[in-house]
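Hey, can you work out the whole structure from these sequences and the hints?
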Amino acid sequence: MTVESTAARKTTRRSSGAKRTTSAASAKKAPAAQGAEPELVQLLTPGGERVQHPDYDIDLSAEELRGLYRDMVLSRRFDAEATALQRQGELGLWASLLGQEAAQIGSGRALRDDDYVFPTYREHAVAWCRGVDPTNLLGMFRGVNNGGWDPSTNNFHLYTIVLGAQTLHATGYAMGIAKDGADSAVIAYFGDGASSQGDVNESFVFSAVYNAPVVFFCQNNQWAISEPIEKQTRVPLYQRARGFGFPGVRVDGNDVLACLAVTRSALERARRGEGPTLIEAYTYRMAAHTTSDDPTRYRRDAEREEWEAKDPIQRLKTYMENEGHADAAFFEELETESETLGKHVREVVRAMPVPEHMAMFDNVYADGHALVDEERAQFAAYQASFEGGEAE
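Mapping to our numbering: the sequence shown position 329 is 358, numbers consecutive.
Just so you know, these hints were derived from the structure itself, not from any lab.
Values in this document were obtained by computation on a predicted structure and should not be read as measured data.
Only true hints are included.
Derived SDA-like pairs: lysine to any residue, alpha-carbon spacing no greater than 20 angstroms straight-line:
#1 372 <-> 99
#2 372 <-> 164
#3 208 <-> 143
#4 372 <-> 362
#5 372 <-> 119
#6 372 <-> 109
#7 260 <-> 325
#8 372 <-> 117
#9 372 <-> 112
Given below as structure tokens:
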């Protein structure tokens, strides 16, 4: 299976040459739906040219670059397989990360083992960085469990479906870390749509007042389901942080190097006791909001094609090829590995056991509850009313 978009493969490759320094004026990039380009931190241009930034820069070895590329390719392959499984009726729903690999891998690889992650429901690549088995992510979407991993094992919380609620959890956890005297940090992921939720803004208030060691990582993928970003805010999202008393920064969310550098800096700031930071990763959701969504009803094909030319995987590949950091053998081996991953995901998902229907009433309360017991009895009677004693 192809792991890069067709449009991205057509991107003209050019030699990166020597590194150059960009000024604030030349660093301005434009949103597809508007005429003006936003100022953002960028270390790798869409054409694969390495640039420098006066405040955020990073020096990575060829091996580290190949590792980031591998992470993005395998995350995309897993995501594509999950989408296919949903279309085949194996999953009830799936929220694709297509196009957001750089934002998630870059930020995810900036974390230390003792840092704690509070995701939404689309952070599949961050889960990959935290060592969560990809197939564990699919149990909830298949309807066979409530999340197939122990959050304390990988310091990666269970997915949160309620928009923005995890930012409150992250802030409280970060406040606890500060009281314990630990030097670890917390990161909370959410989208541009969730930034309008009260929970997120309350989190900003508490984290600022209590100087909590938390990084708020907003993946601005331009669309909150069918609502465009220009209908959600009058100012760039990262500027909202200023009103709460802490810094905000906008990063090119399709640039894995910039996302890594900016997130690493924000996490170190949190560990030093300097409080929260808001990172707005300016990116694009290439696929539907979820598999129940039809994006052709509310956005133009031309917009998507424009963002395909900024493909995060292709730009890093171009840079590595131009600089001699990877050869054909590396890419061929990775293609084989991605196919192996896809096959493994298919086999594991289809073999997931169907849980007993009555198990949904277990572990609701530690010591049981009269209402749960009553509901269990009612459901058991309902099941018994069908031929064979169980509803199909």
